[in-house]
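Undergrad: Letter by letter, the chains look like this.
2 protein chains.
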Amino acid sequence: MKCLIIASGEGTRLASKSSLKPLAFLMGIPLIARVILLARKAGLDDFCVVTGYNGKRLRDYLETFSKKRNIKITCLHNDEWKKENGISVLRAADTINDNFILLMSDHIFNKNIIEKLKNRKIHNDEVVLAIDSNIKRNKFVDEEDATKVFVKDEKILDIGKNLKEYNAYDTGIFLCTPAIFRAIEQSSKRGDTSLSGGIKLLAKRGKVKTCDIDGNYWIDVDDAVRLKLAEDYLLNISTKKQSDGFISRYINRPISIPITKLLLRTKIQPNTITLLCFFLSIISVLFFFHKGYINLLIGATLAQFTSILDGCDGEIARLKFLETEFGGWFDAVLDRYADAFLLFGLTYHTFQITGSISIIFIGFLALIGSLINSYTADKYDSLMKSKVHRYFRIGRDLRIFIIFLGGVLNLPILALLAIAIIMNVENMRRVVVLARA
Amino acid sequence: MKCLIIASGEGTRLASKSSLKPLAFLMGIPLIARVILLARKAGLDDFCVVTGYNGKRLRDYLETFSKKRNIKITCLHNDEWKKENGISVLRAADTINDNFILLMSDHIFNKNIIEKLKNRKIHNDEVVLAIDSNIKRNKFVDEEDATKVFVKDEKILDIGKNLKEYNAYDTGIFLCTPAIFRAIEQSSKRGDTSLSGGIKLLAKRGKVKTCDIDGNYWIDVDDAVRLKLAEDYLLNISTKKQSDGFISRYINRPISIPITKLLLRTKIQPNTITLLCFFLSIISVLFFFHKGYINLLIGATLAQFTSILDGCDGEIARLKFLETEFGGWFDAVLDRYADAFLLFGLTYHTFQITGSISIIFIGFLALIGSLINSYTADKYDSLMKSKVHRYFRIGRDLRIFIIFLGGVLNLPILALLAIAIIMNVENMRRVVVLARA
Chain A
148 MKCLIIASGE
158 GTRLASKSSL
168 KPLAFLMGIP
178 LIARVILLAR
188 KAGLDDFCVV
198 TGYNGKRLRD
208 YLETFSKKRN
218 IKITCLHNDE
228 WKKENGISVL
238 RAADTINDNF
248 ILLMSDHIFN
258 KNIIEKLKNR
268 KIHNDEVVLA
278 IDSNIKRNKF
288 VDEEDATKVF
298 VKDEKILDIG
308 KNLKEYNAYD
318 TGIFLCTPAI
328 FRAIEQSSKR
338 GDTSLSGGIK
348 LLAKRGKVKT
358 CDIDGNYWID
368 VDDAVRLKLA
378 EDYLLNISTK
388 KQSDGFISRY
398 INRPISIPIT
408 KLLLRTKIQP
418 NTITLLCFFL
428 SIISVLFFFH
438 KGYINLLIGA
448 TLAQFTSILD
458 GCDGEIARLK
468 FLETEFGGWF
478 DAVLDRYADA
488 FLLFGLTYHT
498 FQITGSISII
508 FIGFLALIGS
518 LINSYTADKY
528 DSLMKSKVHR
538 YFRIGRDLRI
548 FIIFLGGVLN
558 LPILALLAIA
568 IIMNVENMRR
578 VVVLARA
Chain B
148 MKCLIIASGE
158 GTRLASKSSL
168 KPLAFLMGIP
178 LIARVILLAR
188 KAGLDDFCVV
198 TGYNGKRLRD
208 YLETFSKKRN
218 IKITCLHNDE
228 WKKENGISVL
238 RAADTINDNF
248 ILLMSDHIFN
258 KNIIEKLKNR
268 KIHNDEVVLA
278 IDSNIKRNKF
288 VDEEDATKVF
298 VKDEKILDIG
308 KNLKEYNAYD
318 TGIFLCTPAI
328 FRAIEQSSKR
338 GDTSLSGGIK
348 LLAKRGKVKT
358 CDIDGNYWID
368 VDDAVRLKLA
378 EDYLLNISTK
388 KQSDGFISRY
398 INRPISIPIT
408 KLLLRTKIQP
418 NTITLLCFFL
428 SIISVLFFFH
438 KGYINLLIGA
448 TLAQFTSILD
458 GCDGEIARLK
468 FLETEFGGWF
478 DAVLDRYADA
488 FLLFGLTYHT
498 FQITGSISII
508 FIGFLALIGS
518 LINSYTADKY
528 DSLMKSKVHR
538 YFRIGRDLRI
548 FIIFLGGVLN
558 LPILALLAIA
568 IIMNVENMRR
578 VVVLARA
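Here the protein sequences line up with chains A and B, keeping their order.
Counting with our numbering, you get residues 148 to 584 for the letters of the first sequence.
Counting with our numbering, you get residues 148 to 584 for the letters of the second sequence.
Think of the hints as simulated: they come from the structure by calculation, not from any bench.
Don't take every hint at face value.
As the list claims (entries may be wrong) - Listing some non-contacts, in silico: residues in chain B with all C-beta distances to chain A over 10 Å:
hint, residue
1, R329
2, D379
3, S385
4, K388
5, Q389
6, Y440
7, F477
8, V480
9, R483
10, A487
11, F488
12, F491
13, S521
To be verified - Cut-off 27 Å, straight-line C-alpha distance, at most; resulting in silico cross-link-like pairs (BS3-like, lysine-lysine):
hint, chain 1, residue 1, chain 2, residue 2
14, A, K467, B, K526
15, B, K263, B, K388
16, A, K526, B, K467
17, A, K188, A, K263
Being a predicted model, the structure only gives us computed values, none of them experimental.
We put the CB at the ideal spot given by N, CA and C, even for glycine.
Construct all of the structure, not just a fragment, from the sequences and the given hints.
TA: Structure follows, in structure tokens:
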């Protein structure tokens, strides 16, 4: 299914962020890139963008973006971009002959909305508008500026910015048939060149159906306030992982999130962070290999810092749509090697101090327990995720934190012993939990 | 969908194996149990079995079986079991009012056949017969005894044991509508009380469609020869794993298969074998903990024997339909602990001899490489399985075999070193393979 995106307006209210609104950065990527990538995630793969104000620059960007991300994007230009946005929609009339999704370049949203719209049945003289019926305390909506709709029996009876009686917001996300073009043409002849004009005309004929977004988010990033809200929201949803353990949730993430925010401004790739974390872990191990509290302290602190930084690759990948199956897996494999080397380093450090072979025993048990803890994690996580939103989880975050504590408090034996016991007991617990499932 | 199974005949030709043919054992479970479990795997869950000869004993068995396996089974009895099998089908006329799958209690088959049949569209006056168009060199079919069919344009023109012109075999697997009951009634009135009689009558009206089994196996286990063929075939398909490595395929399986054949005669459960293997591994480790070649030799030989025996739990589970998701996972987790303890034991054994700390290093690396080898196996296997039938795989079979060789040749250091190098290099290779995929 094609996707038409209107990106012709001047968007003066976000001018301070970028000379061109669709190119204003939101969490590391331009608004329009985010809209396209969200739509692609929802299964759309053929994009048509109507440019206008500063069109050349936007088209240049989209050309590069299209190649880099391997997405089909056709650009159309609307010279009359100073007029209302219906003209921009009309520019695509010759290009699009089938049903399509219509989006605004400055509205971000949950991809579920498009997935739901795509599956809606529609007659060839209709349009379906995604509406948000949450009109009370909707923190993302600028009440004054929003387009309101009055809906009855899943049909739109009226639409406009200044409706007195309304029960939903227009999200700017449509499933259209080419009927929309004819409607805008007719409405333009009557003097209204806006998209809303065309919709109004179809609505009068009872041809505008609605599709509730079921509480999914959508944000019209129209000004700096909305941009900040969008940033906070995206950061919030992209940095929460259901499988985060206690340490991760309350210690690591609160530190990794600000780091992620900083890193988003750079061009650093998630895989680069993954590799960096691995090398930092190796440096920790090298410190462990040397005797003395100071080496232990530095190694352990660096290990904990690395554990925090290790959250950033996933966060950045999610926020910049750079997630790959291989990336996540590669990160996990390197984490296993890092875990193993850290525990081996700590074991060797402690063995040097005590010279006792029992340290080697404990170290082996800590290593075995830790690696099998990761080995059993997939199955445990998938069971728990299918059951509850949050669950008890012991994993990497805790074991690195124990190493950190052991280093700071100069109690490496205790740290090894704690890891050996906790990890192996947790593995047994998982076997019991899964046996009962 | 209901499933009707005809189990009323005397089946004298297999009498030597059991006084009742449906209860003749085939790879650890009675024929009729296998038929029901295969059909359940194909998605059928409501069974109706028509008993006859020695009916009480069969019904008693099915009652126990139904409870043990939690399968709904209704038994109907046909007093006139000495007559032809159409009468047995007719016994279900009052019980079955919808489309159903009709099976013989002594025909085993690939479940794909039922899955294909279930999805066939059928008119309510028709019957679909699964046919095998491989009539040349079909080693499973007793040419003389088989029911032959002459098929044209997916319709059966003639059916019978003594057809001169035929192009397929009747597999005894049907998708029926209640029309079959009326057809057998009519045919019975004309003197033919067989199922084939009813089918013949429907065929004359052009109401018997065919469904090719596409080369899937089916065996009419009618005599001792066919029983042996079925045993060999089932053993063959149940003991081949795509993810088997070289050692597993050419050394371990050829030994584990005869053991499995023996164990199938007992009531031993797959999970019991899993636990037994784990405890045998622990005993190996205890031998490793003691100095001296003889301890090394015994430990290593026991480890290799355990590695072979470890194949039996899966083989028995598949052959007896006792596979569970937890069972496979639990086996894998215990294998990881066994691997880890064996490597630790071997490391300690070698450290006792040399007293060199470098042995501890090598041991740690062997352990890390081995556990991460298992950690990366899932993703590697699923990639390779999607691409090729057989593929290069280094895994547990090889590392235990290296331990065995190291023990026999009294070269434990070399064994540890080999495992450390091979496993870690293999892990890196997997990362490269998956990165390129």
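Undergrad: State for each hint whether it applies.
TA: Here is how each hint holds up against the structure:
{"no.": "1", "hint": "R329", "result": "41 Å, holds"}
{"no.": "2", "hint": "D379", "result": "35 Å, holds"}
{"no.": "3", "hint": "S385", "result": "24 Å, holds"}
{"no.": "4", "hint": "K388", "result": "19 Å, holds"}
{"no.": "5", "hint": "Q389", "result": "20 Å, holds"}
{"no.": "6", "hint": "Y440", "result": "22 Å, holds"}
{"no.": "7", "hint": "F477", "result": "6 Å, violated"}
{"no.": "8", "hint": "V480", "result": "6 Å, violated"}
{"no.": "9", "hint": "R483", "result": "5 Å, violated"}
{"no.": "10", "hint": "A487", "result": "4 Å, violated"}
{"no.": "11", "hint": "F488", "result": "8 Å, violated"}
{"no.": "12", "hint": "F491", "result": "5 Å, violated"}
{"no.": "13", "hint": "S521", "result": "6 Å, violated"}
{"no.": "14", "hint": "A:K467 <-> B:K526", "result": "25 Å, holds"}
{"no.": "15", "hint": "B:K263 <-> B:K388", "result": "24 Å, holds"}
{"no.": "16", "hint": "A:K526 <-> B:K467", "result": "25 Å, holds"}
{"no.": "17", "hint": "A:K188 <-> A:K263", "result": "13 Å, holds"}
Consistency with the previously given hints fails for numbers 7, 8, 9, 10, 11, 12, 13, ordered from lowest to highest.
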